[in-house]
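Please build the complex by placing chain R on the supplied structure of chain L, with the hints as guidance.
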Amino acid sequence: GAVVSQHPSRVICKSGTSVKIECRSLDFQATTMFWYRQFPKQSLMLMATSNEGSKATYEQGVEKDKFLINHASLTLSTLTVTSAHPEDSSFYICSATLAFPYEQYFGPGTRLTVT
Amino acid sequence: AQKITQTQPGMFVQEKEAVTLDCTYDTSDQSYGLFWYKQPSSGEMIFLIYQGSYDEQNATEGRYSLNFQKARKSANLVISASQLGDSAMYFCAMSFSGAGSYQLTFGKGTKLSVIP
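As they're listed, the protein sequences go chains L and R.
The numbering used here puts the first residue of the first sequence at 1, with every later residue one more than the last.
The numbering used here puts the first residue of the second sequence at 1, with every later residue one more than the last.
Worth flagging that the hints you see were computed from the coordinates, not collected in a lab.
Cβ atoms here follow ideal geometry from the backbone N, Cα and C, with glycine treated the same way.
Misleading hints may appear alongside valid ones.
Claimed, not checked - So, partial list: chain R residues that the calculated Cβ filter (under 8 angstroms) puts toward chain L:
hint, residue
1, 43
2, 44
3, 50
4, 103
5, 104
6, 106
7, 107
8, 108
Next up, chain L with everything else stripped away, as it sits in the complex (with noise of 0.2 angstroms):
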């Protein structure tokens, strides 16, 4: 159980475009979505918190104008990069979480390129 998928996979997309990424919780419906950054070799960076119904929380230095994030219902929350750059090419990577203890549950994650 607890079973969480992204798509696409992998997407290389010309700058100035945007991409969009999905999140699915499968088996369970997920109270909170996550969307993480992970550049190679390093850790992963939160980037907002997503809460169905309700506005993502973004963390400082993030731009929400930049990573839309919609989360439409306990099942599925979306990421949106606008406008994408070089810069913004990286492994994005979302979870989701039930009840206590708040174990959070990864899809395969998402390796963009902007080329």
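For chain R alone, kept in the frame of chain L given last:
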């Protein structure tokens, strides 16, 4: 502020031997959770083990055990009988209350290599 420190960038272990991955943390919260995740080269984060701050017994999950020393603020992961498939990055993480939910803060990770 919460902080997780993993001081071992890389570790080597012989197959079938045990290995300990270090993790220390800093928090002013009384209630918190400690997690270990494994990240193979595929990138997926795999949950291994959880320890609550009020749990008196050390957590165990199969070949994984967590050596929790609250006074020293350490939460080391012990992997017994290492297997080649254990080669991966290992992240220690701590949960804390923030943004209306419980967030995780991660350490920088330890790359474990299991030698045949």
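* Asked: For this structure, which hints from the list above don't hold up?
  -> none
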